[in-house]
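Participant: Between the sequences and the hints, there should be enough to build the whole structure, so can you do that?
These protein sequences, in sequence, are chains D and W.
9 is the number of the first residue of the first sequence in our numbering; add one for each residue after it.
9 is the number of the first residue of the second sequence in our numbering; add one for each residue after it.
Check before you lean on any hint, since a few could be wrong.
[To be verified] Derived DSSO-like pairs (lysine-lysine); straight-line CA-CA distance at most 30 Å: (1) D:Lys206 x D:Lys65; (2) W:Lys206 x D:Lys73; (3) D:Lys65 x D:Lys187; (4) W:Lys65 x W:Lys53; (5) W:Lys206 x W:Lys73; (6) W:Lys73 x W:Lys174; (7) D:Lys73 x W:Lys73; (8) W:Lys53 x D:Lys206; (9) W:Lys65 x W:Lys187.
None of these hints come from the bench; they were simulated from the model.
Number of protein chains: 2
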Amino acid sequence: MKTIPLLEPLADELERVERKLREPAHPEHPQLTSALHSLLGSGGKRLRPALALLAGKFYSTDLEKLVALAASVEMLHTATLVHDDLIDGALLRRGESTLNARWNTGATVLTGDYLFARAAALAAETGNVRVMTIFADTLMTICSGELRQIFDRNALPRIDNDEAWKTALERYDQRIHAKTASLCAAATESAAVLGQAKPEEVAALRDYGHFLGMGFQIIDDVLDFQGDEGVLGKPVASDLREGIVTLPVLYYLRGRPNDERVPTIVRSGGDEEQVREVVAAISASGATAQAMDRARNFIGQSQAALEVLPQGQARDTLHTLAEFTVSRQK
Amino acid sequence: MKTIPLLEPLADELERVERKLREPAHPEHPQLTSALHSLLGSGGKRLRPALALLAGKFYSTDLEKLVALAASVEMLHTATLVHDDLIDGALLRRGESTLNARWNTGATVLTGDYLFARAAALAAETGNVRVMTIFADTLMTICSGELRQIFDRNALPRIDNDEAWKTALERYDQRIHAKTASLCAAATESAAVLGQAKPEEVAALRDYGHFLGMGFQIIDDVLDFQGDEGVLGKPVASDLREGIVTLPVLYYLRGRPNDERVPTIVRSGGDEEQVREVVAAISASGATAQAMDRARNFIGQSQAALEVLPQGQARDTLHTLAEFTVSRQK
Numbered sequence: 009m010k011t012i013p014l015l016e017p018l019a020d021e022l023e024r025v026e027r028k029l030r031e032p033a034h035p036e037h038p039q040l041t042s043a044l045h046s047l048l049g050s051g052g053k054r055l056r057p058a059l060a061l062l063a064g065k066f067y068s069t070d071l072e073k074l075v076a077l078a079a080s081v082e083m084l085h086t087a088t089l090v091h092d093d094l095i096d097g098a099l100l101r102r103g104e105s106t107l108n109a110r111w112n113t114g115a116t117v118l119t120g121d122y123l124f125a126r127a128a129a130l131a132a133e134t135g136n137v138r139v140m141t142i143f144a145d146t147l148m149t150i151c152s153g154e155l156r157q158i159f160d161r162n163a164l165p166r167i168d169n170d171e172a173w174k175t176a177l178e179r180y181d182q183r184i185h186a187k188t189a190s191l192c193a194a195a196t197e198s199a200a201v202l203g204q205a206k207p208e209e210v211a212a213l214r215d216y217g218h219f220l221g222m223g224f225q226i227i228d229d230v231l232d233f234q235g236d237e238g239v240l241g242k243p244v245a246s247d248l249r250e251g252i253v254t255l256p257v258l259y260y261l262r263g264r265p266n267d268e269r270v271p272t273i274v275r276s277g278g279d280e281e282q283v284r285e286v287v288a289a290i291s292a293s294g295a296t297a298q299a300m301d302r303a304r305n306f307i308g309q310s311q312a313a314l315e316v317l318p319q320g321q322a323r324d325t326l327h328t329l330a331e332f333t334v335s336r337q338k
Numbered sequence: 009m010k011t012i013p014l015l016e017p018l019a020d021e022l023e024r025v026e027r028k029l030r031e032p033a034h035p036e037h038p039q040l041t042s043a044l045h046s047l048l049g050s051g052g053k054r055l056r057p058a059l060a061l062l063a064g065k066f067y068s069t070d071l072e073k074l075v076a077l078a079a080s081v082e083m084l085h086t087a088t089l090v091h092d093d094l095i096d097g098a099l100l101r102r103g104e105s106t107l108n109a110r111w112n113t114g115a116t117v118l119t120g121d122y123l124f125a126r127a128a129a130l131a132a133e134t135g136n137v138r139v140m141t142i143f144a145d146t147l148m149t150i151c152s153g154e155l156r157q158i159f160d161r162n163a164l165p166r167i168d169n170d171e172a173w174k175t176a177l178e179r180y181d182q183r184i185h186a187k188t189a190s191l192c193a194a195a196t197e198s199a200a201v202l203g204q205a206k207p208e209e210v211a212a213l214r215d216y217g218h219f220l221g222m223g224f225q226i227i228d229d230v231l232d233f234q235g236d237e238g239v240l241g242k243p244v245a246s247d248l249r250e251g252i253v254t255l256p257v258l259y260y261l262r263g264r265p266n267d268e269r270v271p272t273i274v275r276s277g278g279d280e281e282q283v284r285e286v287v288a289a290i291s292a293s294g295a296t297a298q299a300m301d302r303a304r305n306f307i308g309q310s311q312a313a314l315e316v317l318p319q320g321q322a323r324d325t326l327h328t329l330a331e332f333t334v335s336r337q338k
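Facilitator: Written out as structure tokens, the structure reads:
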């Protein structure tokens, strides 16, 4: 497992999380175990467990419970990815073939379900009812947001006045909160709850996770327009091709209500040349730069939320970690 | 909501469970709320919540928590049905069109996921960590069993000696435990845990639920061969057509290792005439009667498990409920 240099001091704890994730929890079919190991092995930054572990550093929490929490958050994330890839028909994730590329729909759905159950079992290992409530609420938020995205797919807001802009932005924020920020917030909030933190510190750590997640997802959406297919492991503007409108597109559309190229792609996918043309237009318009600015603003808010917490290494690391999310290239 | 006459005295509590199931738990997309109401409205016997409520009668449990538990169990059951119907490509359940018949795969997967989350949130409302652990473990058992069924589909055991018979029966038992008995056991065990029952009573109520669930599922499998398509809302021998071998088929195959008709259907579905012929042969062979006997045996075990518990109305009702599961016609 590779992590970012900043998280080196967490190496031992993250290693325990890895072991926890792979612990045989239940008599499993060998094919399921092998699928699970391959899903976990394909890596990822382990940002979410790191958030839980770092937030836990402020308190003298039983490490075993904190590790169970961190593993629960990552397991939940992995479960949602399995179903997302199935729904999107994605064949590759992080350069490796997805489960749905190898298995039929039924086996893929059930493996995701099984991972949800594993995540719930790990959350139960914290022995904390509030943590388990956060876990369940977060999963509701994630699924509900994904459902909204499906119902709203291929629908393009016409942004020709301030009210329309405000609505479009609010909807985008709701969506990325559900998709990414809610689980980051759950990781940091749960760690605070587990550490029996004071209410204002619980709120501060939740806010930190939330704002960091918002910034993180915007960067993801920006990278989708700027990125190199080889680095990201998926084609440029993959969301747009799927009919999903992200922040750079919204900035581009603002004040360009009559541009017909974007609606064509959103509604029907468009052809490769049209997509490349729009990607170039969006970059040239400064829309991706505006999205980056908004991401930096969220990151600033996440750092500001930390001020309530005691100074020291834990706080410094969280501060720098927030910085990292805007500087990353993939 | 219609229930069986035996459960009339539970009408008020079951009504509270219904309200709990429909309580808007989360800001939901209107389409999701409407799908949820339609899923819950299509009925079902509410056997699982009734099991939880009845097991709770032995103890002076806070009714609100018991209702949350009963709702959680039914919500979990509903979630698994949504995914099952998707996986089986079933277009009808209880005579109404399934969610996957109306929505695309993505929306159906996510609605099931959302219901899992709702179920977890309801389990969390019990405020009991042990209940939540049972919840998570049961979901693992269910998914793991369904996965095994997918991996083993279209595989037919050759039952030509006692060892092979024992193995085939064990596998079948594991499967129906996962599919049905585990959740019935979770309902009764969790109610006992919530009631702070003595360990031997927790074990007795778990055993009662487990054995009742085993009997219940065998009856389901028998009805699949005997039933009237109009009453059951699905074609006769639907499992066999899907390549799933149930107890009546196992009894039929025992000592008939050279019958080539069953393997043909299991491996490739067969045509309507072949299926009708095999269904008739299975009934004539006494295999369904043997399966019924085994179901009655499980029901007897479930009733025997009750002996540890104090005599009275609660115990009598559970005893009669077990009886009901073998006498039902659908």
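Participant: Evaluate each hint against the coordinates.
Facilitator: Hints, verified against the model:
With a C-alpha separation of about 14 Å, the suggested pairing of Lys206 of chain D with Lys65 of chain D holds against the 30 Å cut-off. A C-alpha spacing of about 27 Å is found between Lys206 of chain W and Lys73 of chain D, which places the hinted pair at or below 30 Å, so the restraint holds. Distance restraint check for Lys65 of chain D and Lys187 of chain D: the Cα-Cα separation of roughly 26 Å lies within the 30 Å cut-off, and the hinted pair is therefore satisfied. Taken as a hint, the Lys65 of chain W and Lys53 of chain W pair is honoured in the structure, with Cα atoms around 19 Å apart against an allowance of 30 Å.
For the proposed pair Lys206 of chain W and Lys73 of chain W, the alpha carbon gap of about 19 Å is at most 30 Å, so the pair holds. Simply put, Lys73 of chain W and Lys174 of chain W have alpha-carbon atoms about 42 Å apart, too far for the 30 Å limit, and the pair is violated. Restraint check for Lys73 of chain D and Lys73 of chain W: satisfied, since their Cα atoms lie roughly 26 Å apart, inside the 30 Å limit. Taking the CA atoms of Lys53 of chain W and Lys206 of chain D, the gap is about 46 Å. The hint is violated against a cut of 30 Å.
Distance restraint check for Lys65 of chain W and Lys187 of chain W: the Cα-Cα separation of roughly 26 Å lies within the 30 Å cut-off, and the hinted pair is therefore satisfied.
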